[in-house]
Amino acid sequence: MSTATLAPANDHEHHGPPRGMRRWLMSTNHKDIGTMYLIFALVMLFLGGASAMLIRAELFMPGLQLLEPDLYNNLVTNHALIMIFGAVMPAAAGLANWMIPLMIGAPDMALPRMNNLSFWILPAAATMLMLSFVVPFFPGGGSQINTGWTLYPPLSLQVGMSMDFLIFAIHLLGISSVLASINIIVTIFNMRAPGMNLMQMPIFVWTWLVTAFLLILVVPVLAGGVTMLLFDRHFGTSFFNAAGGGDPVLFQHLFWFFGHPEVYVLILPSFGVLASIIPTFARKPLFGYKSLVGSMIAIMFIGMVVWAHHQYTIGMSLAAVSYFMIGTIIISIPVGLMVFNYIATMWRGSMTFETPMLFAVAILLMFSFGGLTGIMLAVVPADMQYHDSMFVVAHFHYVLLPGAVFGLFAGVFYWLPKWTGNMYDERLAKIFFWINVIGFNLTFFPQHFLGLAGMPRRIIDYNIMFTEFNMVSSVGAMIFGLSHLLLLYIIIKTIRGGKPASARVWEGANGLEWELPSPPPFHSWTTAPQIK
Amino acid sequence: MAGEQNLQSKNRRTLLMLSAITLGMFGFGFAMVPLYCFLCQITGVQSVQQRTQTTASTVAANQSVSDRWVTVKFDSTVHPDLPWNFQAQERKLRVRLGEVNEMDFIAENRSSSEILGQAIPSVVPWQANAFFNKMECFCFRQQSLKGLESKHMPLRFSVSPDLPNDISSLTISYNFMRLDMNNEKPFTVVAK
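Sequence order for the protein chains is A and B.
If you count the first sequence from 1, position 464 lands on 1654 in our numbering, and the numbers rise without skipping.
If you count the second sequence from 1, position 22 lands on 28 in our numbering, and the numbers rise without skipping.
For the record, the hints were derived by calculation from the structure and aren't laboratory data.
Small disclaimer: the values here were computed from a predicted structure and weren't measured.
Fair warning: there could be bad hints in the mix.
To be verified - Here are a few chain A residues that sit away from chain B, every Cβ distance over 10 Å (derived from the structure):
#1 ASP1354
#2 VAL1408
#3 VAL1409
#4 PRO1410
#5 ASP1437
#6 GLU1616
#7 LEU1672
#8 ILE1721
What the hints assert, rightly or not - Sample of chain B residues at the chain A side, in silico, Cβ under 8 Å:
#9 VAL84
#10 HIS85
#11 ARG147
Said to hold, decoys possible - To give a feel for the contact side, a few chain A residues facing chain B, derived at Cβ under 7 Å:
#12 ILE1365
#13 VAL1368
#14 PHE1379
#15 ASN1380
#16 PRO1384
#17 LEU1407
#18 GLY1415
#19 ALA1433
We treat Cβ as the ideally placed atom computed from N, Cα and C, and that holds for glycine.
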């Protein structure tokens, strides 16, 4: 039997999964691990969302109501780190685990045991992250992490022991995502069904290939940066400590060398999901396969050399600043190409608007809006004004929520019938979509105005002239946050039952994953499919 | 079966290659430390060392006193490791370009033991850096204060008449760092 050596723990073949906790703890099955990734991400989504709602509750009125300044900034830090490393990246990795083997006709991931490891590091990392938040509440626990997720020194050198917990949490999260990325690349390179060449792979697989390469290129640099931070804190080195001749700005460079490509890491898998959804519901093949692949590769390379546009105000020379400005604006070309590709795919299609497609259309609209404010921020003289204001907050939430999170929601609705064998409740899902999207816009649209009027970010209090927009934003945030309870309900309801889904699920769906029954058997593609 | 063996060794090869990239990038992060200084030098981005010259600057060619006035502000910070108070006598001074002025800073050791420190200057906006001449500065030397000692530290400076016209005010900022960090003796703070 051909898969025996590929997936050693699958020697018990064909008897279905083992029972009880062993199934999950020792799983080497890509579907089970994918499911665990997705559940983990959902839990983290609620944790990160709760911290965001606390932030917005505090900002409902000027003055200090609920939180202390340091606690507020710690929540800002946690919100970002949990959402990025805990929710979006694991959810995208969950989709990758579930779908890549099904899409390329592979029996499982190439390195199933490493797959298990890369998932089970995550709960440990999340625990460390939580500890960093909890520790300051105890006597002797030191101060709270008030740096924001960017962890800039010198502030991060002065925070108490909670920073050490956070540094190790980042190490663990980094190791987990590097292992997952290596696994995905090996799977894509070596496990494709015979006859499927790279340019025949679904775009979702391509986006993950590019994402995985980005991750193994940039995550180690962040790991190095926080390691230096740790050395500065405890071992007397002076990488960033100005008192010993170090340069705090160096950390900013290391951080953003990771941080900027990271936004493409978050967005690309969701764009891959769109490339599956839009042709299905427009009932037309993808408009420009090759240009999509080309754009992605261009984004990967240009995205790695424009990081300092996050640091315009540090006093770089005019030449350096101009280079980063031009590079940043150039990136909007391949990104725009991807957006236009999707629009052209919809052009004159016979479209229907099931929930995944509703999300897809909303994503294109709102992501493009975030992209436009991004170009505003890329322009140096303008950025000097907008830097560190709520305008920046509005910009990156418009990019990351539609670009990453909504894409994942769309993917979950799109593939949930395939995973569970049951259709989700379309009526409830549409209600969720509308509440979610309206709540989102209500939250973040007013923040543009706040930022342009001069309200800084990451500060607990504000001038009373900003009160009205902040109230609107906070009300929106509560609607937006609570709407996810409906998402949770829909998912649980679908898992427990519902109208049985056919193998193809969607009328216009194309691709290998739809050749398998819904839900697919525990071991699928044990004999590789024929590629025509 | 042969195909399977093949796939396994192929997987291992790819795995090794990707692990090598990962380790290489981890190393690259550390290589950024010297690379960063080097890049700053060749692209003309001022590094901290260049921005904070701690030796007497060459007095600019143009020595004439002009009619233009600018405001020089004095800012001081003390690193948390250093139990000193440190402040300029005045917060700001109106000076004529080219004229030599003096400002006194007062440093005071709050602890009971002798400590070595050094002040690191920087000028904001950084474009004014080249035009701010320090003829005499306490920052040229290490400063030592005995327990509870306080000392006057003079700065003699001039602002060159070549200062770009759009600059009407500049800030000289001192950050006092502790120098004997490595043989750190525990100190007790006895004064406020």
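Status of the hints after comparison with the structure:
Chain B leaves ASP1354/A outside its interface by the beta-carbon criterion, the shortest separation being 18 Å against a cut-off of 10 Å. Here VAL1408/A does not stay apart from chain B, with its beta-carbon only about 7 Å from theirs, under the 10 Å limit. Annotated as non-interface, VAL1409/A brings its C-beta within 10 Å of a C-beta of chain B; the closest such distance is 8 Å. Residue placement check: PRO1410/A does not keep its beta carbon more than 10 Å from all beta carbons of chain B (closest about 4 Å).
For ASP1437/A, the non-interface assignment is contradicted: its Cβ lies about 5 Å from the closest Cβ of chain B, within the 10 Å cut-off. With a least beta-carbon separation of about 41 Å from chain B, GLU1616/A lies farther than 10 Å from that chain, consistent with its non-interface assignment. Listed as outside the interface, LEU1672/A is consistent with that label: its C-beta sits roughly 41 Å from the nearest C-beta of chain B, beyond the 10 Å cut-off. ILE1721/A, annotated as away from the interface, keeps every beta carbon of chain B farther than 10 Å; the closest lies near 17 Å.
A least Cβ separation of about 11 Å between VAL84/B and chain A goes past the 8 Å threshold, and the interface hint is therefore violated. Interface restraint check for HIS85/B: the shortest CB-CB distance to chain A comes to about 5 Å, inside 8 Å, so the restraint holds. Residue-level restraint check for ARG147/B is violated (minimum Cβ-Cβ distance to chain A is 17 Å; threshold 8 Å). A distance limit of 7 Å between C-beta atoms decides the matter here; for ILE1365/A the minimum to chain B is near 10 Å, and the interface restraint is violated.
Given the 7 Å rule on beta carbons, the hint for VAL1368/A holds: about 6 Å separates it from the nearest Cβ of chain B. Interface restraint check: PHE1379/A against chain B, minimum CB-CB distance 6 Å, threshold 7 Å, status holds. Given the 7 Å rule on beta carbons, the hint for ASN1380/A holds: about 5 Å separates it from the nearest Cβ of chain B. The interface hint given for PRO1384/A is broken, as the beta carbon of that residue sits about 10 Å from the closest beta carbon of chain B, more than 7 Å.
Taken as an interface hint, LEU1407/A checks out: its beta carbon lies about 6 Å from the nearest beta carbon of chain B, inside 7 Å. Interface hint status for GLY1415/A: upheld, as the beta-carbon distance to the closest one in chain B is roughly 6 Å, under 7 Å. The interface hint given for ALA1433/A is met, as the beta carbon of that residue sits about 4 Å from the closest beta carbon of chain B, less than 7 Å.
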